[in-house]
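*Asks:* Sequence:
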Amino acid sequence: MKVTALTQEISVKEVDIDHYVKLAIEDDDIRDEIIRQMITNPDIMVYYHCYYVADKASFERPELFYPYWPEIAPLLQHTNSYHRDFALTILANLTKVDQDNLFSTLFDGYFEHLNDTKFMTSLCCVRNSLKIIRNKPELRETILAILLDVDQRCTFPEKQAALMKFDILEIVDSIYAETRDKESLPAFIKMGIHSISPKTRRKAKDLVKKYNL
32 MKVTALTQEI
42 SVKEVDIDHY
52 VKLAIEDDDI
62 RDEIIRQMIT
72 NPDIMVYYHC
82 YYVADKASFE
92 RPELFYPYWP
102 EIAPLLQHTN
112 SYHRDFALTI
122 LANLTKVDQD
132 NLFSTLFDGY
142 FEHLNDTKFM
152 TSLCCVRNSL
162 KIIRNKPELR
172 ETILAILLDV
182 DQRCTFPEKQ
192 AALMKFDILE
202 IVDSIYAETR
212 DKESLPAFIK
222 MGIHSISPKT
232 RRKAKDLVKK
242 YNL
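Numbering (our numbering), first residue to last: 32 to 244.
The hints are simulated quantities; they were obtained by calculation from the structure and are not laboratory data. These numbers come from a predicted model, not from an experiment. Among the hints, a few may not be true.
To be verified - The calculated DSS-like cross-link candidates involving lysine-lysine, where the alpha carbons are at most 27 Å apart (straight line), are:
1. Lys-221 <-> Lys-162
2. Lys-44 <-> Lys-87
3. Lys-53 <-> Lys-162
4. Lys-213 <-> Lys-236
5. Lys-53 <-> Lys-149
6. Lys-167 <-> Lys-87
7. Lys-149 <-> Lys-162
8. Lys-87 <-> Lys-190
Using the sequences and the hints given, assemble the complete structure.
*Replies:* What follows is the structure, encoded as structure tokens:
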């Protein structure tokens, strides 16, 4: 497939993402082009659809996308928040096959995005944290400590911070049985009972009941 054909076809609003996921997995050249267009194309319909493809394909077959780590990692500092999201998501997918421990070199830079200038990018960072915990269990307690310290690390208004804590509680729920920290977690959960966010309050109350806190 020629580059012009790819960019034209993938820019269509109702593009079949799964079709291109299959192509990206099966064809080295298509895979190269999907990543290149995601990073360099100025058309949002092109680069965002390429991201959808790269996200799904790298989640299914991370070993095929691991060689692109050097191209994707710099997107963490991109001026466009969408591209920062791309890096946060795809790098999290790739930690599953990070045999060279590349994530260790950008750990701090990754979690700086808990306090990104864009709230949705900070949420993206939180939501992808669970993938990293699953893929790199040796980082579980370190990442958990960072997430529980959200009030000190983030400068968002109270309403947004409360919404972020819902996502953190989701992660806490997922790993509660595995973590060694049985002091900070109950305290964080109980604090959520008084949240100004209704869904965060509900989640916290559910966890208090679930874990008999």
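*Asks:* Take the hints in turn and mark each one as holding or not.
*Replies:* Status of the hints after comparison with the structure:
no.: 1; hint: Lys-221 <-> Lys-162; in the structure: holds (25 Å)
no.: 2; hint: Lys-44 <-> Lys-87; in the structure: holds (18 Å)
no.: 3; hint: Lys-53 <-> Lys-162; in the structure: holds (22 Å)
no.: 4; hint: Lys-213 <-> Lys-236; in the structure: holds (17 Å)
no.: 5; hint: Lys-53 <-> Lys-149; in the structure: violated (32 Å)
no.: 6; hint: Lys-167 <-> Lys-87; in the structure: holds (20 Å)
no.: 7; hint: Lys-149 <-> Lys-162; in the structure: holds (21 Å)
no.: 8; hint: Lys-87 <-> Lys-190; in the structure: violated (31 Å)
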